[in-house]
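Dock chain to chain to rebuild the complex, using the hints, since each chain is given by itself in its own frame.
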Amino acid sequence: MNDGGQLLYVYAVTRPFAAALPDAVRALDGEPPALIEHRGLCAAVSRVPAEHFDAAPLRAHLEDLDWLAEVARNHQAVIAALATVGCPVPLRLATVCRDENGVRRLLDSGRARFESAIERLDGRVEWGVKVYAESAPPERAAPAPELTAATGREYLRRRLGQRQNRDRSWQRAGTLSRALHADLCERAEAGRLHPPQSGRLSGAPGENVLNAAYLVPRERSEEFVAAVRERTPQGEDVRVELTGPWAPYSFASGQDDGQDDGQDDGPEGGPGQGES
Amino acid sequence: MNDGDALAQREIALVDLLDRLLAGGVVITGDLTLRIADVDLVRIDLNALVSSVSAEVPSPFQDLDYEEPA
Chain A
1 MNDGGQLLYV YAVTRPFAAA LPDAVRALDG EPPALIEHRG LCAAVSRVPA EHFDAAPLRA
61 HLEDLDWLAE VARNHQAVIA ALATVGCPVP LRLATVCRDE NGVRRLLDSG RARFESAIER
121 LDGRVEWGVK VYAESAPPER AAPAPELTAA TGREYLRRRL GQRQNRDRSW QRAGTLSRAL
181 HADLCERAEA GRLHPPQSGR LSGAPGENVL NAAYLVPRER SEEFVAAVRE RTPQGEDVRV
241 ELTGPWAPYS FASGQDDGQD DGQDDGPEGG PGQGES
Chain B
1 MNDGDALAQR EIALVDLLDR LLAGGVVITG DLTLRIADVD LVRIDLNALV SSVSAEVPSP
61 FQDLDYEEPA
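Chains as they are written, first to last, in this note's numbering: chain A, 1 to 276; chain B, 1 to 70.
A few of these clues could be false.
[To be verified] The following label-pair restraints were derived from C-beta to C-beta distances:
| id | chain 1 | residue 1 | chain 2 | residue 2 | range |
| --- | --- | --- | --- | --- | --- |
| 1 | A | ARG229 | B | GLU11 | 16 to 24 Å |
| 2 | A | GLY161 | B | GLU11 | 32 to 40 Å |
| 3 | A | LEU156 | B | GLU11 | 41 to 49 Å |
| 4 | A | GLU31 | B | GLU11 | 22 to 30 Å |
| 5 | B | GLU11 | A | TRP67 | 14 to 22 Å |
| 6 | B | GLU11 | A | ASN101 | 36 to 44 Å |
| 7 | A | PRO22 | B | GLU11 | 13 to 21 Å |
| 8 | B | GLU11 | A | GLU37 | 30 to 38 Å |
| 9 | B | GLU11 | A | GLU134 | 19 to 27 Å |
| 10 | B | GLU11 | A | GLY152 | 30 to 38 Å |
| 11 | B | GLU11 | A | THR151 | 47 to 55 Å |
| 12 | B | GLU11 | A | THR84 | 16 to 24 Å |
Just so you know, the hints here were simulated from the structure itself, not pulled from any lab data.
No residue lacks a Cβ here, since even glycine has one placed at the ideal position from N, Cα and C.
Extracted from the complex, chain B is given alone in its bound form (with noise of 0.2 Å):
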């Protein structure tokens, strides 16, 4: 069984990827670094992202909720 290979060769959805770098991962926060790491900021421009992805840019993400009707 190459279940495994199977996957690990598919494309990874962005979406997986940011669902694991952007909660996951150690946070260190302190001034060594730039306290960019921080899980509320990200997660807060996160939003801001999604709603700019949906409002504006045709984008690979389809959106089919927001077409208005002929």
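The following block holds chain A by itself, in its conformation from the complex (with noise of 0.2 Å):
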């Protein structure tokens, strides 16, 4: 089937290109990416182990956080290493072909979303932009009531304040959430919603209520910055993060939810809403 158990990693497709990548960049395998010319598209590629990449033992894999962070940092390496020195196109983490023919089929089959994607993807970088509603949620700030609180009612007056409180926070993060991401998708070429984050998985103080990335042209980035800056408030109880550049991972795929209104799982979409 292929040499010594081994299967080809893609990484991302890209135009050819002459110049060198940096020096630093090691791949899976622990060697620079090769890569992969096939009429007009390159793939990055490394070899790695069937023994851990083929179906059965990627999927135990993936639940062992140590081994898919460290998959997870190699690809966005590689990718960095790519975004120097021309348009990557990422492809989904852990797509892996049996051998080089299939990496050419791969080319072949995607051909049209590769070239259209290089087109609508070159030049741009993509900002991450977070909101979260700063108030804890009640199982953190209510203390076991059988043993804090007198009485049923007090312990009902108590949750019933926490969750007022915790409804005003996110009202207001609910409201920034879905002006930023009007505005920045005004600003940006494309905006696109991501899931909000568990706290559990982030680490993250608050609730994460608006978890957005937007596609903007590089020379643009500064005043796309700055924009963010300018419209994150100094109150307490909402926090704005932003991350990036990323290379434009999140617009790859050419869906974009961003710039019609199909904002229904988005900043709107916590508990304890009173709008329809």
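Here it is, written out as structure tokens:
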């Protein structure tokens, strides 16, 4: 089938390029990524052992956070290196082909998508913007009721107060998120909403209300960043976080839910919202 | 202004990276690959991952919500 139980992990697709990649870049095999050129497209790949990257072991590995983190950071490092010499179209994490012929078929079958993505993404970067409601969720704020509340009525009163505080914080965060997202979509070429992050996974305080990505021409990044900063409130119960610049991961597949009104699962999705 | 540079140098949070690597990027399916780039599959596994992280593993992700009261 192929040599020595090796598969090919594909990081990204670019136009063929002449410039050298940064010296320090290492792919999953500890070597610089290999390049497979085929009819005007180029895939950045590395050999990976089938014992870890074939379908079944991979599925098991995906539940191992350390393993996943290592692969994710490696994937990102290769994309970042490619971005210094061209316009990489990132592939989904863990896209694996059996051999070089598989990679060529991948390039052929995805050719139209890759070419339009390169056209659309060249010279663009992605910025991430997250909005958090800071007030603590009730399970964090409320100590175990049987230990602290003298009566059921006292307990309910306290819970109601916490809920009202939380609702106000959510409402402010939701209002800000909608306005900010609408404004940033105007400034960006595209916007995309990711699902809000779990505080359990991120470790970030507060409740993530907006988790958005924006596609911005590289030369307009400073302007975009300044606009986000300008709209960041100084108040204590809503927090705005900016990440980037990223390679345009969130826009590689061509989906864009920012410019239409597809915000149903976005800024207002939390519990306790009074609006319909 | 060097806002962009400053941000680029800060370490990337894993969760932000996973948002992009598990939900972004071009998805290729078909017999040429191992069909493991599928969205739903990875999402399900990520959920399993999250619950395993919070349930038992002492991890860099703080999980104050689940401490037992003294």
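Okay, the hints, checked on the actual structure:
Range check, ARG229(A) to GLU11(B): about 21 Å between beta-carbon atoms, so the 16 to 24 Å window is met. Evaluation of the 32 to 40 Å hint for GLY161(A) and GLU11(B) yields a pass: the beta carbon distance comes to about 38 Å. For LEU156(A) and GLU11(B), the Cβ-Cβ distance of about 44 Å falls inside the hinted range of 41 to 49 Å, so the restraint holds. Remark: the range hint 22 to 30 Å for GLU31(A) to GLU11(B) is upheld by a beta-carbon distance near 24 Å.
Separation of GLU11(B) from TRP67(A) is about 19 Å and conforms to the stated range, judged on CB atoms against 14 to 22 Å. The hint said 36 to 44 Å for the Cβ distance between GLU11(B) and ASN101(A), and at roughly 38 Å that hint holds. Evaluation of the 13 to 21 Å hint for PRO22(A) and GLU11(B) yields a pass: the beta carbon distance comes to about 18 Å. Checked against the hint of 30 to 38 Å, the C-beta distance between GLU11(B) and GLU37(A) comes to roughly 33 Å, which is consistent with it.
Separated by about 23 Å at the C-beta atoms, GLU11(B) and GLU134(A) satisfy the suggested range of 19 to 27 Å. Distance hint for GLU11(B) and GLY152(A): a CB-CB separation of about 47 Å, inconsistent with the stated range 30 to 38 Å. The hinted range of 47 to 55 Å is satisfied by GLU11(B) and THR151(A), whose Cβ atoms lie roughly 48 Å apart. At roughly 19 Å, the beta carbons of GLU11(B) and THR84(A) sit within the given window of 16 to 24 Å.
Hint compliance for this structure: hint 10 is the single one not met.
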